[in-house]
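Build the full structure now, drawing on both the sequences and the hints.
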Amino acid sequence: MRTLLLALCGILAAAPGWAAGLHHDLTVTLDPAARRLEVEDRLRLPAGTHRLMLAPGLTVGEALLDGKSVAVRGNALPVTVPEGGGELRLRYAGTLPPLTPESRGSGGGAEGAYLPAGTGWIPTPENTETSPSWRLSVRVPAPFVAVATGRLVEEIRDGAGYTATFAEDRSVEEPSLFAGAWQVTERMHNGLRLRTYFHPEQAPLAEEYLDLSARTIDAQAARIGAYPFAGFAILSAPLPVGLGFPGLTYIGRQVMPLPFIRAQSLPHEILHNWWGNGVRVGGDGNWPGNWSEGLTTFMADYAAAEARGEDVAQAMRLDWLRDYAALPAERDSALTDFRAKVHDAAQIVGYGKAAMLFHMLRAEIGSDAFDAGIRRFWEDKRFQDAGWDDLRRAFEASSGRHLKAFFEQWLTRVGAPTLELAGAKADGDGVALTLRQGEPTYGLTVPVEVRTVAGTERHTIRLDGREATVTIPTAAAPRALAVDPGFGLFRRLAPGEAPPTLRDVTLDHAATTVIATADGPAAEAARALAERLADGKPRIAAAERSDPAAPLAVIGTAGEVDRLLARLGLPPAPDSLKGRGTARVWTARTPQGRPLLAVAADDAAALQALLRPLPHYGRQSWLVFEGARAVDRGVWPAGDSPLRVSFE
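According to mature numbering (1 follows the signal peptide of the UniProt record, and there is no 0), the residues represented by the sequence shown are -19 to -1, 1 to 629, in order.
Don't take each hint at face value.
[Said to hold, decoys possible] Ranges between beta-carbon positions, derived for each pair:
#1 A141 / K518: 46 to 54 Å
#2 G266 / E167: 38 to 46 Å
#3 A458 / E512: 55 to 63 Å
#4 R168 / D410: 32 to 40 Å
#5 E107 / E401: 47 to 55 Å
#6 Q164 / E135: 29 to 37 Å
#7 P421 / R382: 19 to 27 Å
#8 R70 / L239: 29 to 37 Å
#9 G560 / P421: 33 to 41 Å
#10 Q573 / T81: 16 to 24 Å
#11 E629 / S348: 29 to 37 Å
#12 P421 / E360: 49 to 57 Å
#13 D352 / K322: 44 to 52 Å
#14 E287 / V451: 49 to 57 Å
Rather than coming from a laboratory, the hints here were simulated on the basis of the structure.
If you're wondering where the values come from, they're calculated on a predicted model, not measured in any experiment.
Even for Gly, the Cβ is constructed at its ideal location relative to N, Cα and C.
In structure tokens, the structure reads:
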């Protein structure tokens, strides 16, 4: 491992303006296996009254403000700093909570340590609106290695352990600190330090991850502006998570070998170094809300789909719209209300709808103006708070267009437009059609495709009110017409465009779950699976007590599921799934239109095996599992769309 000889001891203290802001100088001793944390923090505070908070379980042993003792009240430290600022020296220590799959805050254990920013492992002033600068030196015993957000200043490995120093002198966020028994692989790329911190079983993946990191950083830097941090690190996590931090990402070790992590998750987290870390979510505009997840989804996930072809990109847009079609009205929300992904309903709005907003905006103003707006936004707001208003201003400047109405309708309204093809007929070498939308009306540029005897033509229709009647001239005799066939608009799908999926049931808090198996291990596994599938608290009841209008889930062993469905007159397992795998999962609509989800497994072990994987397949209509592995899956074919018409 390379040791950096650069030492910055004194530079931060001498930097202009440092005394006026918040700065931590941290010396950390961390023993992950013992879950022991000891910290000395020389905290430079600006003048004023502050109330610093530490996480429960951490005890202050000494608190001195400019050499004078400060009273400590539990985990709160009230401090009044005189004009010119002051230095608070704190010594504190404690035992970290166990590091478990359910961990939400700091934790430690034999697998390592996880101390993310904002969990109180360093003293945090209440009601602060600025992020600190900081310097952190950490010592961990062998075989652990430690890594923090920020720039690596120096590192030393000896027989007893590992010591490293990290620093951040810009206003980014508090440090996050991690430790693990990792193998470290490093590559320098255009002055950036790229690293993997992998467990031994992931070590063979290191070069591939470094290659992808370098390519992604180069591509996004060319599109947006220079990468904002000193490097990028990928950490193999004992937790089942995928999290992004300034200059690094923390990915569950079990999923790291999976192709979608490299194809989608890693580029997404790298891009967050521009959106969310380089430009922070905030600002004082008219429209609050988290814009960074939607922009990152559009520029990373969706861009990767576009690179694979329009059919792949269209499939992703359709996935977003089908997710939204499954969202119950009472769980819908405006984009200005989105803060973070706390459940699937929030993700559907904050990721999918927001990404569609950027897709529609690019179609509205053109790719060149869109890309220029992205670069302008970055140049104007890097290492600052920014909001939707700042994005609007950047795109207005790049396009020369007023965009307030466009942003306002998509950001502030709950819901989505509906489209109706009220009439269409061939008219010589042209098509006359009437397009209608529901209330409230949106300003829409609606894509229309006309298939003629000479080929397919693409047009757009501007729909600003309730209805528009237009004639589209064509180069040859028309044969068929389709309104928004590529799903380029965020809208409520028409009947036939949204076949049933798991999310039709799992997202609806009114859904009833029936456990179709006798008491015992299978029933326990079925109840546990119901808890995992529901995006909230499931309503488990007897079939006779379920709401006949609400979605229904039936979970149990195969024979019991079959008998219950037959007794209730509900659709049985499709012939294409019968007898396959150790568990079959399918969706249907009852004759009354009620969404149905059935999970039929061979035995208790087969049900238990579904606990981890099945909740990740909400977009599917049916699946076949062999143990915990989905060996086949799919979405039922769409029906006839009322937005398509044939003239033949």
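Hint check results:
no.: 1; hint: A141 / K518: 46 to 54 Å; result: 49 Å, holds
no.: 2; hint: G266 / E167: 38 to 46 Å; result: 41 Å, holds
no.: 3; hint: A458 / E512: 55 to 63 Å; result: 58 Å, holds
no.: 4; hint: R168 / D410: 32 to 40 Å; result: 60 Å, violated
no.: 5; hint: E107 / E401: 47 to 55 Å; result: 53 Å, holds
no.: 6; hint: Q164 / E135: 29 to 37 Å; result: 20 Å, violated
no.: 7; hint: P421 / R382: 19 to 27 Å; result: 22 Å, holds
no.: 8; hint: R70 / L239: 29 to 37 Å; result: 46 Å, violated
no.: 9; hint: G560 / P421: 33 to 41 Å; result: 50 Å, violated
no.: 10; hint: Q573 / T81: 16 to 24 Å; result: 43 Å, violated
no.: 11; hint: E629 / S348: 29 to 37 Å; result: 35 Å, holds
no.: 12; hint: P421 / E360: 49 to 57 Å; result: 36 Å, violated
no.: 13; hint: D352 / K322: 44 to 52 Å; result: 27 Å, violated
no.: 14; hint: E287 / V451: 49 to 57 Å; result: 29 Å, violated
Violated hints, in rising order: 4, 6, 8, 9, 10, 12, 13, 14; the structure is consistent with all others.
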